[in-house]
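Heads up: the sequence lines are chains A and B, in that order.
If you're matching positions, the first sequence starts at 165 in the working numbering and goes up one per residue.
If you're matching positions, the second sequence starts at 493 in the working numbering and goes up one per residue.
It is worth saying that the hints were derived from the structure and are not from the lab.
Since the structure is predicted, the reported quantities are computational estimates derived from the model, not experimental observations.
Incorrect hints may have been included.
[To be verified] Label pairs and their in silico Cβ distance ranges:
#	chain 1	residue 1	chain 2	residue 2	range
1	A	A500	B	H646	53 to 63 Å
2	B	R648	A	D410	16 to 26 Å
3	B	R648	A	E344	54 to 64 Å
Note that beta-carbon positions come from the ideal geometry of N, C-alpha and C, so glycine has one too.
Take a look at the letters that make up each chain.
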Amino acid sequence: MTRIFLNGREIEVAADTTVLRAALDNGVYVPYFCWHPRLSVAGNCRICMVEVEGKGLDIACNMPVSEGMKVLTDSDEVRAARKAMMQFLTLNHPVDCGICDKAGECTLQDYHFAYNGAPSISAEPKVRATKFHDLGDRILIDNERCIVCSRCVRFTHEVSRSKALGIQGRGDTSLVRCEEGRRFDDPYSDNVIDLCPVGALLSRSFLYKARVWFLEATPSVCPGCARGCAIRIWHLRADRRLQRLDPRRNLEIARVTPLDDPAVNGPWICNKGRDLAAIFERPRADQAMLRGRPVPLAEAISEARRLVDGAKRRTALVSSWGSDGELAAFRDHLAARFDVRVKPDHVPQPGEIVEDDILIRADKNPNTRGARALFGERPVAFEPGTDLVLVWGEGFDYSRVPAGAKVVLLGSYLAPENGAADVFLPISVQTERDGSYTNSDGIARRFEACFPPGETIAHAADLFAAIGGRP
Amino acid sequence: MMDLGRRKSYWNRPTLGLWERSYLPEVLRGLAVTGGVIARNLARWLTFRKGALTARYPEERRADYAAGNRGKHVLTTRPDGRPQCIACMLCATACPARVIEIEAAFDPADAAHPKHPARFEIDYSRCVFCGLCVEACPEDAIRMPQDVPDLPSHDRGEMWLSRDHLLGWCPRSDAAKPYPPGPAGGGEGGSL
Numbered sequence: 165m166t167r168i169f170l171n172g173r174e175i176e177v178a179a180d181t182t183v184l185r186a187a188l189d190n191g192v193y194v195p196y197f198c199w200h201p202r203l204s205v206a207g208n209c210r211i212c213m214v215e216v217e218g219k220g221l222d223i224a225c226n227m228p229v230s231e232g233m234k235v236l237t238d239s240d241e242v243r244a245a246r247k248a249m250m251q252f253l254t255l256n257h258p259v260d261c262g263i264c265d266k267a268g269e270c271t272l273q274d275y276h277f278a279y280n281g282a283p284s285i286s287a288e289p290k291v292r293a294t295k296f297h298d299l300g301d302r303i304l305i306d307n308e309r310c311i312v313c314s315r316c317v318r319f320t321h322e323v324s325r326s327k328a329l330g331i332q333g334r335g336d337t338s339l340v341r342c343e344e345g346r347r348f349d350d351p352y353s354d355n356v357i358d359l360c361p362v363g364a365l366l367s368r369s370f371l372y373k374a375r376v377w378f379l380e381a382t383p384s385v386c387p388g389c390a391r392g393c394a395i396r397i398w399h400l401r402a403d404r405r406l407q408r409l410d411p412r413r414n415l416e417i418a419r420v421t422p423l424d425d426p427a428v429n430g431p432w433i434c435n436k437g438r439d440l441a442a443i444f445e446r447p448r449a450d451q452a453m454l455r456g457r458p459v460p461l462a463e464a465i466s467e468a469r470r471l472v473d474g475a476k477r478r479t480a481l482v483s484s485w486g487s488d489g490e491l492a493a494f495r496d497h498l499a500a501r502f503d504v505r506v507k508p509d510h511v512p513q514p515g516e517i518v519e520d521d522i523l524i525r526a527d528k529n530p531n532t533r534g535a536r537a538l539f540g541e542r543p544v545a546f547e548p549g550t551d552l553v554l555v556w557g558e559g560f561d562y563s564r565v566p567a568g569a570k571v572v573l574l575g576s577y578l579a580p581e582n583g584a585a586d587v588f589l590p591i592s593v594q595t596e597r598d599g600s601y602t603n604s605d606g607i608a609r610r611f612e613a614c615f616p617p618g619e620t621i622a623h624a625a626d627l628f629a630a631i632g633g634r635p
Numbered sequence: 493m494m495d496l497g498r499r500k501s502y503w504n505r506p507t508l509g510l511w512e513r514s515y516l517p518e519v520l521r522g523l524a525v526t527g528g529v530i531a532r533n534l535a536r537w538l539t540f541r542k543g544a545l546t547a548r549y550p551e552e553r554r555a556d557y558a559a560g561n562r563g564k565h566v567l568t569t570r571p572d573g574r575p576q577c578i579a580c581m582l583c584a585t586a587c588p589a590r591v592i593e594i595e596a597a598f599d600p601a602d603a604a605h606p607k608h609p610a611r612f613e614i615d616y617s618r619c620v621f622c623g624l625c626v627e628a629c630p631e632d633a634i635r636m637p638q639d640v641p642d643l644p645s646h647d648r649g650e651m652w653l654s655r656d657h658l659l660g661w662c663p664r665s666d667a668a669k670p671y672p673p674g675p676a677g678g679g680e681g682g683s684l
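Isolated chain B (complex conformation) (with noise of 0.2 Å):
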């Protein structure tokens, strides 16, 4: 039983003892460790073998990215290639990095669709890839599939991909969703 009354201490203090206080012997241990690593790699690739793991990313790029790895964002399209979304904002809203920006529009003509994106922005510069937008999202308009977004770049400006990117890259239909008819007869039509 942990006792509730004392507040536990999560940080341990160090503690040193004489041999870490005589300082030198421990930046020599660790430099041995650093220049152990150094020389290892270094005569691997002396003989033409890989050295460390590190890839020459953005020329070189890893290819075992797990399946179920989230990446960069699909929006997908209806039948017609108009975008599913409905800019309804859940996802903005659930971002928890607030990296998605949608400025919505008005579509008179589309009286099942009358919401649409006119932009749709995602900053992969802050991007956490945690799949929240996905989970928000109530028209499956917006996917994670298994691609990392390669938005090599010294510019934060650069890594802010728009709608018809989204749409494109890589494209997905949704042609599942039926939709109800129109509104039938009453009144005096959908005039606007």
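In isolation and in its complexed conformation, chain A is listed as follows (with noise of 0.2 Å):
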């Protein structure tokens, strides 16, 4: 351990960490830009000056802690040192916030009004650069708003690997691109868009959807894979529902971002998780049916009940989507009177990367281990005799379904076997229900209800508890 006066408070410090980490871990902030914890230190941004008594001003993200060290993050000279900073890293900045899509949670705005709040004392017209670069099928870069911390070409290269990115140039005419003949096709390319400190690399999926203070995060679990990802779903705020606009819009995920979970997958997730919109708004079904005829929903748990109640052998195929909520009130209610196996909802697409050694996971269920610590490993078959197969979810081959079997089918979303299934019910998602999962490591993490649920869906677990339960 180190000692070190910071700001005239003496503190004591891991002997191997620097300033900027000192300082931040005991609750003094110090800004920066091109620093980042899980990235290498690059040091070029130089927002990040503090004072060391004796001997001037220098970087705190790149500055060792030693003995007895006095530091002042805001002294006189701090102060104007970040100012002057300001006015050198806007100095070719467009003042186009209004037009921005990371206007309201950019670091560059924020700082701007911390530390300079002054407007440009530079009498020289501001360098022009590319607007709106073609980067990748996901990313375009706005090369005036970009200040060059290399926070993007890092990550390619310390995170993702890929090394797709790289800066050409120098000085004002640095830019931001990808290796030449090269798109930036990294899997985990879309994570750029949240390192950017300022509105320089912009998602083309969200590209003007919304201000983002029209926006509110609730914390959830990507299903993309057994890994589990923490994220954040992004939808229009309560109170700014739209009327008049697509009021599809209001149920509808503006965007995926990261919720930095450091036992599962950190700062970072990949592109399957930024387009969950893609599994979530397919089309839904919405109705009970019984052999496709369209019944109210209890007149379809009744029959799903005398089904299974007039059954000699049954079998249930649980989803390895379902919440350990779901999982457990189907054990409660169900499981003792069904031959119960766990069902892979989601297999991988072609062209999808099965696994990798970053986030990705072969498994493409997100509570596979969930599901099979209740129900145990068994694949999917039946016994000789199944006159009932209760099928949750998808991802089902009904061919499988054994010669004279009823099928009792609960899903999500519109699909042909649901018109052919004996009772058809129709659950929530997982935007609409809160719940948990198991990854494949074991760490069970909370999701949130983002949206309600149609008025003619039902929730799994209250399906199980009405189908299973006592009259």
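Build the complex from these two chains, which are given one at a time in their own frames, with help from the hints.
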């Protein structure tokens, strides 16, 4: 341990840490653009200047602590240096916050108000650079906004290791670009949008969709694979619901960002996690049916109950997308009367990355481990004489249903098999309920409801109680 | 000096005297007041004079709005006729009644104005005509002239006005604003 003086306060810090980390850990905020806790130190933005008594100004992110050093983070010299640095960083930065998607969560914007606040003192016109340069299918770069902090470049070299990005040119003509002849095809590419301290890196899917202060984030868990990354699902705030424009946007996922969870995913998620809307916003099934005939939900439930009670040998295929609470409800109400098998709802799609050594797991279901903990690891199969199959969720080949067996299906999305099932019950999806998933490492994480379920849609846990509970 | 220690009571409790509590005399007095107004207006109407100040909206409209009245919104245009609005949504943010809804669109062809409003809707059934949208606008894209909306309807849905109407009902151009030239040379051009 090393003893340093931070603004006159004596603190004990680890001997191998830096002044910036020591300050942040001890509740003293030092501004930074290029530094990131998970990336190497670049030391190029020069905004984290602090004063060491007797030694003058230097950057805190690259300054190791030494015994007895006296650090000042808010002296007159430091404030003057920060203000000058902000003038320099905004020298060529366009004042187009009005049309910048980062506005509202932009570090440069916040620091301008906190540390500068003055208009530009430069008499020269701003240097113009490429706007909306095409980096790849998912990301555009606005080079006028870029402050060349190199966070995105270091991310592709150190975290995703695709080495896709680099900086060409120098000085005020520096441009972040892909390797020549290559597109930004990194499977973790969208993390650079969050990493970017300004609005230079822009998501094509979120471009001009909403101002961020119209959105709110619900903590959730990515169901894309068994890693179960912690995410934030952003959607329109309740007091910003649209009336005149497309009201479906009120129930849409605007974007997905990672939620820093050191035990699971750190501050990153893969691009599949960004595209959860493609999973959850497929056409929904919202009508209970008996062999394709629409009926009220209550009638379908009583028919399901009658079929379950009347069957002799029953098999249940439970969903590995069910939450821990739903799986427990199934165990409590129905499992005793069923031969229960855990079914993989999703398998890797063609072209999808099956597994890597960063985050992506081969099992494309969020709660296989939670389901197997309750119901064992036996593969999907049917004992001879099975006359009732309860299918919960997707990913089942209905040609495998034993001849003559009745099918009770709980599903969320429109599919041809819904109409063929003897009983079809529409159930909610993850964004419509609370719950938790247990990831492949056995770590359980909670997710919260973002949207209300439709009136004709039930939660699976309630259906299990209604079908299996005592009358 | 106000006594800050004691909480001031702002609500005057009604004190009823014997006259008020006897009920009927006060009721009759009230009826006499309203009856007098009816009789006076009726007498003026029968003698072909204007009675009450009530205008028979919407057939009849008052013409005496103050010069500074803030009425129906105008969206200003650039010299080429496209809306000045950049869809920054600061008006929608500032609006205390939350009646402005904007759908932004991306136009890569126009380097100076890549963001523009594909839809711009104002709900006049809830607008409070405070003018905060006009103050919030960084582009002088929305103004409120004197004219009032005049949207009598039995349906709230018909009290929304959309982008093309707001651009066209009282065309105003904001030609004074210079725009910087596009990016010069550097890099491989504004490709998309």
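Quick rundown of the hints versus the structure:
1. Between A500 (chain A) and H646 (chain B) the C-beta distance comes to about 60 Å, which sits within the given range of 53 to 63 Å.
2. Between R648 (chain B) and D410 (chain A) the CB atoms are about 18 Å apart, so this pair conforms to the stated range of 16 to 26 Å.
3. Look at R648 (chain B) against E344 (chain A): about 58 Å separates their beta carbons, and that is inside 54 to 64 Å.
Against the hints set out earlier in the document, no violation occurs for any number.
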